[in-house]
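Trainee: Following the hints, complete the assembly by docking chain U onto the known chain L.
Which chain is which? The protein sequence lines are L and U, in order.
Once you know that position 224 of the first sequence is 224 in the numbering used here, the rest is easy, because the numbers rise by one and skip nothing.
Once you know that position 428 of the second sequence is 428 in the numbering used here, the rest is easy, because the numbers rise by one and skip nothing.
A few of these clues could be false.
[As the list claims (entries may be wrong)] The calculated lysine-lysine pairs, modelled on DSS-like cross-linking and capped at a C-alpha distance of 27 Å, are:
#, chain 1, residue 1, chain 2, residue 2
1, U, K342, L, K75
2, L, K11, U, K342
3, L, K75, U, K445
4, L, K11, U, K276
5, U, K445, U, K359
6, L, K252, U, K276
7, L, K253, U, K342
8, U, K394, L, K75
9, L, K253, U, K276
10, L, K253, U, K270
Since the hints were derived computationally from the structure, they do not count as laboratory data.
Keep in mind it's a predicted model, so treat the numbers as computed, not measured.
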Amino acid sequence: MKNLLKLEWYKIKYPYLISLCISTLFSCILILPFISGYSYNHNIEIWQQSNQVFDLIFPLIAVLPSCWLMYYERKNNFMACTLTRVSKKNYIISKWLMTSMGSAVIIFIFSFIGLIFCLVVTNNIELSGIKLQGRDTSLEALYGYYLVNKPYLFGLCLSIWRAIIGFIIGTLGFTLSLYVNNIFIIMTGPFVYVFIQHYILAILGVPYYSIITSFDPSILASKSISLERLLIGPFLLIVFICITIICFSIIKKNSIYDI
Amino acid sequence: MMINLIKKNVDEFFSKKIYIMVFVFCIVGLNLLQIAKVTNITYWEFIISAITDHYYILYFMIIFYLFSAFKMIEEDNEIILIRGKKYINYFISQIISLFSISTIFTLMHFFIVAIMGYGLNLDNRFIMNAYYYNEVIGVYSTYFKSPILAVVILIVYMILGLTFMGMVLMFINHFFGKRLAIIGMMVMYLLMLISLRTNIDNSLPLLFLNNYIILHHAFAVLGKNFYIIILSEIFLSGFILVIVKNFWHIDITSIKILIRKIGVNKWYLKLLFSRKNIFIMLIFIIISIINIVLRHGILTISDLSILQFYGHGIGYFNLIDFMSLIIYNGIPIYILSSFLEKEGNDRSAFLTIRLKNKKQWFISVIHCGFLLIFIYLLASLCIGVVTGVFLGMKFNGYNYMNNLFLENGLQIIKPYYLYLIILTTKSLELFFYFLVVLICYIYTKGCTLGFLLVNVGYFSYLLTENIAKYTPVGIGSLSRISEFVGYQGIPYLFVMVILILVNTILYLYLRSGVYKRIFN
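Okay, chain L solo, but in the shape it has when bound:
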């Protein structure tokens, strides 16, 4: 298993590292235009505000670096060569772990490094939010105490939570790459899913159940956010993944090992 994981890592090393660098850089640079033009209570809110750009595209960041792997191996029949050496289950599980862990790590890193960069760069900037409103409204947010007093801990926990969501998104991408023969659908499937799910839930009047809200709770008013509501988005996503697997493997009977 260890060797298999190592093998997978060698395959995706360069594209993965490049996209990791790009997304981290992007998340740092994106802090800068958000410094002025909004009223903040605390420095960490600049990071929260700038992260709203990522809310819609995080599935792409999670899926693009690694999910193409399975598709190409199925397409050029490399999978058939592995049959004699490794058990099917082990090979697929190691690939799944690599892809999904890759998604989780990339999301964790760009999120957390963005926070560190933000707190370091904007350390000296004076914020006028509390003066204007007369009180600290940030305390009303979910875990507002930690948000105000321990920004690093808050950011770390949020980033880990995001990494978990990234893991599930990566799993969705991996599931699609197991069964679909169209690379375009594999690459953009999770993105389209997240997008449409949020859109439909927002129309239905329950945007707090969507995966985007789970990813970034600060996009909605703090009244409508609670821990239970945040758990529903990932839950729906897992249900969707299960439905996809059942649909492809049992109803449509697409097989993984021949193309």
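Mentor: Just chain U, lined up with the frame of chain L:
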């Protein structure tokens, strides 16, 4: 021969299913009879009110008539044709059978009510108190001296109208084939319903066939000049007869205007307009319309069309609007991208051999892409209008958008101009995305990059206002055009110049030979 054919047609029409009509009409008649007894109207007025009940006519009678007569309309039996010696003879005997069918059909209605109304006051005059309960009788009383005259004329009018409708369908069926005849029938019927629910037919009364069948609809749109409709009926019938007499042998069904038979268009169109794709498009159009209807109060149809294509403007951020813009634009692009990807996967040497030259591939792709985009736009407009009609929205003017126009000090835009703006800007914008995807596809042999580029383009909304105004991504939204939002947008002509420029550059670039790379 003629008489036998007519007999056969009439027999076919009045088979057992006619009892359904009798049953339904009896229920309608009984219902009206009760009202008649309460309101104390005369026998003849009751007959008028029953025969001209336009809900019954539109929702049941015409459907029944069309379904029963369609078999006769669409069949061209060769054995009968040979016996007719000339095609026009056959056509005329078909028309005569339509006429006799309509006559018997209408007279059946008349006799049913005539029997049913037995016992009412038999006076041959209009009683004034009826108008409070039934406006239609009031309308007839202003045009006719006595109710009997009105009954006779409206029955004749209805017979002529039904015959005319069948004749038009026969004409379409003969020259354009069965499929178009069915589509034509549906369009005709939808137009009738639209005309019933709105007052759009005031401007184009001759287009809506209910004016040919129901006399008081003709009164409503043309007043005393209702004879124009009869004249146009006669004129059009003559026109159809002349065309059929002289050009009956020309077969237009083989000339397909939309699908040019070059390259591999047929295969591409089959891939693009698969059931799944059509389903996806329809679902999202309907979702977006429901979303608009639920979120806003009283709307008119023009309001609905504007809101459908309103998109997202510069200088503010509204997540739902932004997402619906991206989704609306994204769906055709997504379908086209996955189509290109699939096309690349499935294209084999056999296909390349069948193409005469590489250019045909390019033309086919462009052609099919544009067709999909345009049909998508038309479908969303049509679904919007039809939903609006069934929700009872008004056709003319604005309700919701009026305030917006007044706030910005703008002129109110006429509907025709509005639809022109929507169709041109949006189709060019979507075509621009398609060209971007196509270029990326040619260079990278995959559509993901192109699709991502298009979506990354939406980040241009974050730029400063003066630059963001002119970026071609999202420029087709009405909220970016100054005719709708004032100084925040740029004029329609300028938008068109930008879009045409961008599209031409990309198209010429592709056409200059870049597309040949795909075969390497």
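Trainee: Next, verify each hint and record whether it holds.
Mentor: Consistency of the hints with the structure:
For the proposed pair U:K342 and L:K75, the alpha carbon gap of about 13 Å is at most 27 Å, so the pair holds. Between the alpha carbons of L:K11 and U:K342 the distance comes to roughly 26 Å, so the proposed pair stays at or under 27 Å and holds. Of the pairs offered as hints, the one joining L:K75 and U:K445 holds, with about 15 Å between alpha carbons and a cut-off of 27 Å not exceeded. For the hint pairing L:K11 with U:K276, the CA-to-CA distance comes to about 35 Å; that exceeds 27 Å, so the pair is violated.
Proximity of U:K445 to U:K359 is assessed by CA-CA distance (about 18 Å); at most 27 Å being required, the pair is judged to hold. Of the pairs offered as hints, the one joining L:K252 and U:K276 holds, with about 15 Å between alpha carbons and a cut-off of 27 Å not exceeded. For the hint pairing L:K253 with U:K342, the CA-to-CA distance comes to about 20 Å; that is within 27 Å, so the pair holds. Between U:K394 and L:K75 the CA atoms are separated by roughly 55 Å; this puts the pair beyond 27 Å, and the hint is violated.
This hinted pair checks out: L:K253 and U:K276 have alpha carbons roughly 19 Å apart, not beyond 27 Å. For a cut-off of 27 Å, the pair hint linking L:K253 to U:K270 stands: about 24 Å separates their Cα positions.
When each numbered hint is compared with the structure, violations occur for hints 4, 8.
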